[in-house]
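Following the working numbering, the numbering of the sequence shown begins with 1 at its first residue and continues without gaps.
Quick caveat, the hints were computed from the structure, so don't treat them as lab data. Heads up, a few of these hints could be off.
[To be verified] Cross-link-like lysine-lysine pairs, in silico, DSS-like; alpha carbons within 25 Å at most:
| id | residue 1 | residue 2 |
| --- | --- | --- |
| 1 | K176 | K155 |
| 2 | K227 | K265 |
| 3 | K173 | K408 |
| 4 | K215 | K164 |
| 5 | K227 | K284 |
| 6 | K155 | K199 |
| 7 | K365 | K382 |
| 8 | K83 | K56 |
| 9 | K125 | K173 |
| 10 | K371 | K393 |
| 11 | K173 | K235 |
| 12 | K173 | K284 |
| 13 | K284 | K393 |
| 14 | K365 | K284 |
| 15 | K173 | K215 |
| 16 | K382 | K265 |
| 17 | K304 | K284 |
| 18 | K265 | K334 |
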Amino acid sequence: MIELGGTIGDIESMPFIEALRQLKFNLPENSLVWCHCSYIPNMSGQKTKPTQHSVKTLLGLGVQPDLIICRCPDPVLEETRKKIANQCNIPANRIISAHDVTNLFHVPGIFAQQHLIGVMNGLLKLDQLDVAKPSPLSRDRKSMRTLNDWDRFAKHVDQAEISKPVTIAFVGKYNKGGGDAYQSVLAALSHAAVAVTRKLKVDWVDATELEAPSKDSPDYEEEMKRKAAAEARLKAADGIFVPGGFGDRGVAGKTRAAGLAREWKKPYLGVCLGMQVALINFAKEVLGIPDATSEEFDTAGTSKNHVVIFMPEISKDTMGANMRLGARWVEFTKPEESLASALYGGANRVHERHRHRYEFNVAFKERMEKKGLIFSGQDESKERMDIIEMATKDHPFFMGVQYHPEYKSRPGQPSPPFFGFVAAASEPGQ
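Model the full structure from these sequences, guided by the hints.
Structural data, given as structure tokens:
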């Protein structure tokens, strides 16, 4: 699939249109389909002139659309469909309505009702697929779903949107821009919220606002007020989430958030750096090590208590191609006692994706365990700690994972750590 954005006629897209025209010309017949997406405004009736003009422009560039996807507020009327077909020289069954819906998961069903798959199969001479059956192309047999499954999920999303909200305080440092930097995490939180039939509400808390200002700052009082306001937002939230990140900016604020979640017994989930700051805070406030930190942030070497260290087998001199990347096994230390294992269905080990170059310093492991922290997940060598948690008798939900579970979260199949976190945050009293 090749997507060419922009507006037909824009000079910026001309080279790409010509390249695609030549691509289709040089390919065997029935190898490429031109799908044109056009807007159908509704001003005292559905207007087709914009679509007619855009198709005319495409024809002038040597491109004949094979089908048209009509974006419109309401379903395309039959008379509108026939008019577009007649004026644009395209069969009416290839004029597809993509009208507004309550959520995007309804779109596959809308397309199926208009036989889009059959149209595409006919244009490309493909074998007919039965959308009522699981796709034979799916790699993961457990995740195979039919169109009926998607329809049920779409209706579940509608139900969640009108249900009681669950507020998650999202303590990040790349929050500007609407959260695009955290898109995969937002999707995982959304999948989990739908699974527990709650409307997700994210409160973006800038990690730097949780940091204690310098007393020498000319804006000290104002910054203290901002810090107090940020902490009040954490207190009001149903759960606190700390994502990954790089660099020392905002780390003190993230560490503070982890500590407040533990102190207030507020559901907490930390991913990657979110797990590391939870460990640093635990060392500071529970073990009584005031200079506990990460080797990543102690560039001057002033601390002797690096709770998080650089992985020994990775070069410190080259910051490229030196991360622990990809899917790896995570083994549960005591599956029968682990909340994390229970969330994964009682599994003994799971396959999760990693992306980090720092890890927990196991020299502090025994001392932390004596104070109630549970190291419930580790790598196959049993040397790297991948999951930490607190017993539910001590905290309703406190978990940190070194890996990135959001990468494997799917609609209708939420990531287990995210599901457990949002479910705990949705409990009465949070």
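Here's how the hints hold up against the structure:
no., hint, in the structure
1, K176 - K155, "violated (32 Å)"
2, K227 - K265, "holds (20 Å)"
3, K173 - K408, "holds (23 Å)"
4, K215 - K164, "violated (42 Å)"
5, K227 - K284, "holds (20 Å)"
6, K155 - K199, "holds (13 Å)"
7, K365 - K382, "holds (12 Å)"
8, K83 - K56, "holds (14 Å)"
9, K125 - K173, "violated (50 Å)"
10, K371 - K393, "holds (14 Å)"
11, K173 - K235, "holds (19 Å)"
12, K173 - K284, "holds (22 Å)"
13, K284 - K393, "holds (22 Å)"
14, K365 - K284, "holds (14 Å)"
15, K173 - K215, "holds (23 Å)"
16, K382 - K265, "violated (29 Å)"
17, K304 - K284, "holds (13 Å)"
18, K265 - K334, "holds (23 Å)"
In summary, the structure is inconsistent with hints 1, 4, 9, 16 from the numbered list given earlier, while agreeing with the others.
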